[in-house]
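Asks: In order, the protein sequence lines correspond to chains A and B.
Okay, so the first sequence: first residue is 45 according to our numbering, each after it adds one.
Okay, so the second sequence: first residue is 142 according to our numbering, each after it adds one.
Everything labelled a hint here was simulated from the structure, so no lab data went into it.
Keep in mind that the hints are not guaranteed to be accurate.
As the list claims (entries may be wrong) - Residues of chain B clear of chain A, computed beta-carbon distances all greater than 10 angstroms:
1. L244
2. H343
3. W467
To be verified - Example chain A residues on the side facing chain B (calculated, C-beta under 8 angstroms, incomplete):
4. G113
5. L115
6. W117
7. L143
8. V155
Just so it is clear, CB atoms sit at the ideal spot from N, CA and C, and this is done for glycine as well.
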Amino acid sequence: LYSIFEIMPAPHPAPALPSALPPAVWRGDSLDTGIRAGQPSGFAALDALLPGGGWPLGGLTEILQAQPGALEWRLLGPSLRQAGDAPLLLVHPPAMPHLPGLRGEGLGPLVWIDAATPQQQLWATEQALQSSGAAAVLAWLPQARPEQLRRLQVHALGAGMPAFIFRPLAARAQSSAAPLRLLLRAASAWQLEVQLFKRRGPAHAGWLQLAAVPAALDPLLTPRLREIAPRPERQPRQPAHAVDRAAVGL
Amino acid sequence: MLWIALQSASEPDPWVWLALQFSPRVARLEEAVVLEVEASLRLFGGARRLHERLRSAALEAGLPAPQPRWASTSRAALALARSGRAGHAVGARLGPSLDALPLSALTAVQAHAPMLARLGCRSLAEVRALPRSSLARRFGPALLQALDQAYGDAPEAHEWCTLPEHFQAQLELPFRVDQALALQHHAATLLRSLCAWLAARHFGLRRFTLAWTHDAMRARDVGSGGQLEVATAGSTREFRHLSRLLDEHLQRLELAAPVSDLRLTASEVESLAPSAASLLPSLSDGREPLALTLERLSVRLGPEQVRVGRLREDHRLEAMQQWLAWTLQPPSQRLRAAPGPVHPSGPQPTWLIDPPLRLATQRDQPLYRGPLQKLLGPQRIESGWWDGRVQQRDYYLFHSESAGLLWIYAERLPAHEPGWFLQGMFA
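Model the full structure from these sequences, guided by the hints.
Replies: Below is the structure:
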């Protein structure tokens, strides 16, 4: 054994890879580049982390949050604003969409599809994903099961538009076929926090903070109001592992 | 002139409708349907392509594969079809291929077949070789005229077929059907002929009725039949869409008694220009257009469940918008952004809670999933004195750690119950 240690070369820094690698060679520390470009999210910091530089166009994006209806438009508004006249399809939203407010966010026409049972919600989402001409599909599916999501993902592959599925935090423990999954929570009144816990490429462990003030409130805020940080007691404690983080989010 | 003869063993009407999709000059000639296609030949990309389209259209309409025969006169085309000879090459001379045909190929000649046979004539060429004057004297002018018309020496006159003004088709089922879904297959046959009728008349369908008659062996309290009214969101004549729509309706239907026959009526049609064909592959790559998807969703989920909103000029939050069934909207406005005030008074939340949620209070301050922090306010709304729904409210922006930014009002009207209410969320 001793001799083997003697023979082994001393660890030395890995030789620098040639810069001109063919594009097919994937580096472990970079995001997968073989994916097609996404739709820019409107947040430069988030685009840098998303594979494809934006919300994926051919696949589900699963957004987990503790309270449905709390943060959706602030996260998605900057991206959906680019849709223009194509309508958004909302399947089973948690409350009544308020059009004057959504127009203030710059969002275009939308169709509100309500369905009573989980089966109908899934069916409506599936049909919406198969149609053409919509800007995006947003579906609130709190009861969807993994195999049902896999089916939706297959339909989303050819959809050519972003498809967002909103689910509760408890869904994090379930497996999911969605290629992009993220946790969404509020860091303060005017800031969102996002963690991409599943994406194509290396995992993203930390929380990404995004400044997002509702467009309707932006002109009304005073500098003092902008500084409120309502979670001081949670700042010093750094969650140690994934389970703990989920607990904080709850 | 280029004629196609389609021999129809069965009812000729479906063949006429099929032929009318390709040319307006369609006529019935004895047992066959003939159509003149020279002007349309280039549109359809040549004789071979037209033949293929004719064949596929016939199969789609549920008809047997046709054996069309081509010739430069309609009687010659029919004669070729009757004799079962291979098709006449387009552009070749007509004479040689007609000469060899037997006497039975032309009805006027066949009528005198015994006499002609005794004269030693076996083919059309041999009849034509006889002196014309004695032919006319002995057999009458009809024989000579038919021969001349077949060979293109005399003009042909046809009475062109037109389509009925209204579509109604009936189908007697081969057996009694108890299940609504089992009607699907039979209704599809009727739908196909409806689509052919629509295509030939350049119409789109807005509404059709499928009616059925119950079998005579039925319970005493069951009526004689029933009907299903199906409306389409936009005018269409696409078979696939119509049949999917009908399927959705049939799935929700329960038959009171077994059904013995079906009737299909086009109750509302309007003219529909076909969409222009594109040189480039279509961007939608064959996926269903949004309007059709929403129409099917409205059928399955109920029309009230698929909604679009309209903005209204009002200061009261709940009166600012109106949600209407998507199918009730005029087609031009369905997917348009709602017109209305661009800058409503004051900040507007993105979600509305309807009806407003009454909040618990603690020392006169509202509570919602824990304590709330007041950020902005008040914004006072006093409105609605004209329609009896008077409001006097002070709106505040509250922040909740768990629920985000909330739009909460305090009721000010003495007549109403005082308190704090959650009405919106800034998501």
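Asks: Quick check on A:W117 please, does its C-beta sit within 8 angstroms of some C-beta on chain B?
Replies: holds (5 angstroms)
Asks: Under the criterion of a CB-CB separation shorter than 8 angstroms, is A:L143 in contact with chain B as hinted?
Replies: Hint on A:L143: holds, closest Cβ of chain B at ~5 angstroms, below 8 angstroms.
Asks: A closest beta-carbon separation below 8 angstroms is what the hint needs, so does A:V155 meet it against chain B?
Replies: Given a least distance of 6 angstroms, the restraint on A:V155 holds.
Asks: Given A:L115 as an interface hint, is its Cβ closer than 8 angstroms to any Cβ of chain B?
Replies: holds (6 angstroms)
Asks: The hint names A:G113 as touching chain B; please verify it with the least Cβ-Cβ distance against 8 angstroms.
Replies: holds (5 angstroms)
Asks: Would you check whether the claim that B:H343 is not at the interface survives, using Cβ distances to chain A and the 10 angstroms cut-off?
Replies: With a cut-off of 10 angstroms, B:H343 remains clear of chain A, as the shortest Cβ separation is near 25 angstroms.
Asks: Just checking, B:W467 versus chain A, shortest CB gap more than 10 angstroms?
Replies: Violated, since 6 angstroms does not exceed 10 angstroms.
Asks: Just checking, B:L244 versus chain A, shortest CB gap more than 10 angstroms?
Replies: B:L244 clear of chain A: closest Cβ-Cβ about 60 angstroms, beyond 10 angstroms.
Comparing the model with each earlier hint shows a violation of hint 3 alone; every other hint is respected.
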